[in-house]
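Take these sequences, add in the hints, and give me the full structure.
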Amino acid sequence: GENVEQHPSTLSVQEGDSAVIKCTYSDSASNYFPWYKQELGKRPQLIIDIRSNVGEKKDQRIAVTLNKTAKHFSLHITETQPEDSAVYFCAASPASGYSTLTFGKGTMLLVSP
Amino acid sequence: NAGVTQTPKFRILKIGQSMTLQCTQDMNHNYMYWYRQDPGMGLKLIYYSVGAGITDKGEVPNGYNVSRSTTEDFPLRLELAAPSQTSVYFCASGQGADYGYTFGSGTRLTVV
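The listed protein sequences derive, respectively, from chains E and H. Here our numbering is used: the first residue of the first sequence is -6, the next is one more, and so on. Here our numbering is used: the first residue of the second sequence is 113, the next is one more, and so on.
In short, the hints are calculated from the structure, not lab data.
Keeping only pairs whose Cα atoms sit at most 25 Å apart, straight-line, the calculated DMTMM-like set for lysine to aspartate or glutamate is:
1) K51(E) to E(-2)(E)
2) K50(E) to E32(E)
3) K156(H) to E(-2)(E)
4) K98(E) to D10(E)
5) K98(E) to E(-2)(E)
6) K15(E) to E171(H)
7) K98(E) to E171(H)
8) K51(E) to E72(E)
9) K64(E) to E171(H)
10) K15(E) to D150(H)
11) K156(H) to E184(H)
12) K64(E) to D42(E)
13) K169(H) to E(-5)(E)
14) K156(H) to D185(H)
15) K156(H) to D42(E)
16) K35(E) to E171(H)
17) K156(H) to E32(E)
18) K50(E) to E72(E)
19) K121(H) to E32(E)
20) K98(E) to D168(H)
21) K169(H) to E(-2)(E)
22) K121(H) to D185(H)
23) K15(E) to D77(E)
24) K35(E) to E184(H)
25) K98(E) to E76(E)
26) K35(E) to D150(H)
27) K156(H) to E(-5)(E)
28) K51(E) to E76(E)
29) K121(H) to E191(H)
30) K35(E) to D185(H)
31) K121(H) to D138(H)
32) K35(E) to D138(H)
33) K51(E) to E8(E)
34) K156(H) to D77(E)
35) K169(H) to D20(E)
36) K98(E) to D20(E)
37) K15(E) to E72(E)
38) K169(H) to D138(H)
39) K98(E) to D150(H)
40) K156(H) to D20(E)
If you want it as structure tokens, here you go:
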């Protein structure tokens, strides 16, 4: 089955810096890669996703890149703000029709003012 | 649209008691999921369903049961609660794993 590794487990940055979280996956047939943000005490919420036919996707200050050859994808947050502090989870979905996402273990991002 | 609604939000159980965590979605999603999240940890899949009448085990199904009689509802049953089941439980729904999930707000369960 699919295996998703996520690094780092914790990341501390100063406000205004960039943050990068990286995930690797094992199943070369995986074709969908979402990122979820979970604020303290709240539910995970989808913030951005990318499909295997796209190399990069941006939404304001966040972007995701995908390298299918190396089987890794990354979340990039620019101009970080204190409200970006949260746990971020990456996930991968195997080939279409598979029922469940495989999640990484999460990265706690702390943005200091 | 309410999305995914979970009840109750908080519950304290005594060891050996039973309870049902309720989950309802109004998005007509076929796929529904139950996850548990222990403090400071990631999401572990308990059970999932791909449609009414169809359920399957996830990574950590022991001590839990589910049923899916309608598209909207996917209750999770805890029998003989144990302290190891103290956790936050999230229900989620979606159109399939390759379309992402919408999570409910969670149920924080403590077993004492």
